[in-house]
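With the hints as extra help, turn the sequences into a complete structure.
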Amino acid sequence: MERRKQLQLELARYLCLLTTHGSPEKIILFGSLAAGKLHRWSDIDLLIVEKTTLPFFQRLHQKRLLLQPTVGTDILIYTPEEFEQLSLERPFFHEEVINKGTVLYERGS
Numbered sequence: 001m002e003r004r005k006q007l008q009l010e011l012a013r014y015l016c017l018l019t020t021h022g023s024p025e026k027i028i029l030f031g032s033l034a035a036g037k038l039h040r041w042s043d044i045d046l047l048i049v050e051k052t053t054l055p056f057f058q059r060l061h062q063k064r065l066l067l068q069p070t071v072g073t074d075i076l077i078y079t080p081e082e083f084e085q086l087s088l089e090r091p092f093f094h095e096e097v098i099n100k101g102t103v104l105y106e107r108g109s
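Our numbering puts the first residue of the sequence shown at 1, with every later residue one more than the last.
Just so you know, these hints were derived from the structure itself, not from any lab. Treat the hints with caution; some may be incorrect.
[Unchecked claim] Derived pair list, reagent style DSS-like, types lysine-lysine, alpha-carbon separation capped at 30 Å: (1) K5 x K26; (2) K37 x K5; (3) K37 x K26; (4) K100 x K26.
[Unchecked claim] Derived DEER-like restraints, expressed as beta-carbon distance ranges: (5) R4 x P80: 28 to 34 Å; (6) P69 x E25: 17 to 23 Å; (7) L38 x R13: 17 to 23 Å; (8) L88 x R4: 31 to 37 Å; (9) N99 x Q68: 26 to 32 Å.
The C-beta atom is built at its ideal place from N, Cα and C for all residues, glycine as well.
In structure tokens, the structure reads:
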């Protein structure tokens, strides 16, 4: 199967699971898939903004158990406050995600 199609199918599955079994405020796709610059080893890079009290690595573990990825997948999960703080602590990364990423889901939209 073509890599783009494979990643898009997996991404659609992720979105369904994340919105059905969670309460994300925002889901942003970033990286090569969002930029449309795919190569053989492209993966899915997701940033999820969600209210949670779980520690950072527990959040990741929980989402990986839910998604059970079949392709390379990098997931970052931040609370709304952490995401805002990211703009101060790692402004380049924050701007890269905001400016070049694609918002796939936003609560209330």
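Structure-based check of all given hints:
1. The straight-line distance between the Cα atoms of K5 and K26 is roughly 23 Å, inside the 30 Å bound, and the hint therefore holds.
2. For the given pair, K37 sits about 14 Å from K5 by alpha-carbon distance, which is consistent with the 30 Å threshold.
3. With a CA separation close to 23 Å, the supplied pair K37 and K26 stays within the 30 Å bound.
4. With a C-alpha separation of about 15 Å, the suggested pairing of K100 with K26 holds against the 30 Å cut-off.
5. For the pair R4 and P80, the beta carbons lie near 31 Å from each other, so the given range of 28 to 34 Å is met.
6. For the pair P69 and E25, the beta carbons lie near 22 Å from each other, so the given range of 17 to 23 Å is met.
7. Distance hint check for L38 and R13: the Cβ-Cβ separation is about 18 Å, which falls inside the suggested range of 17 to 23 Å.
8. Distance hint check for L88 and R4: the Cβ-Cβ separation is about 35 Å, which falls inside the suggested range of 31 to 37 Å.
9. At roughly 31 Å, the beta carbons of N99 and Q68 sit within the given window of 26 to 32 Å.
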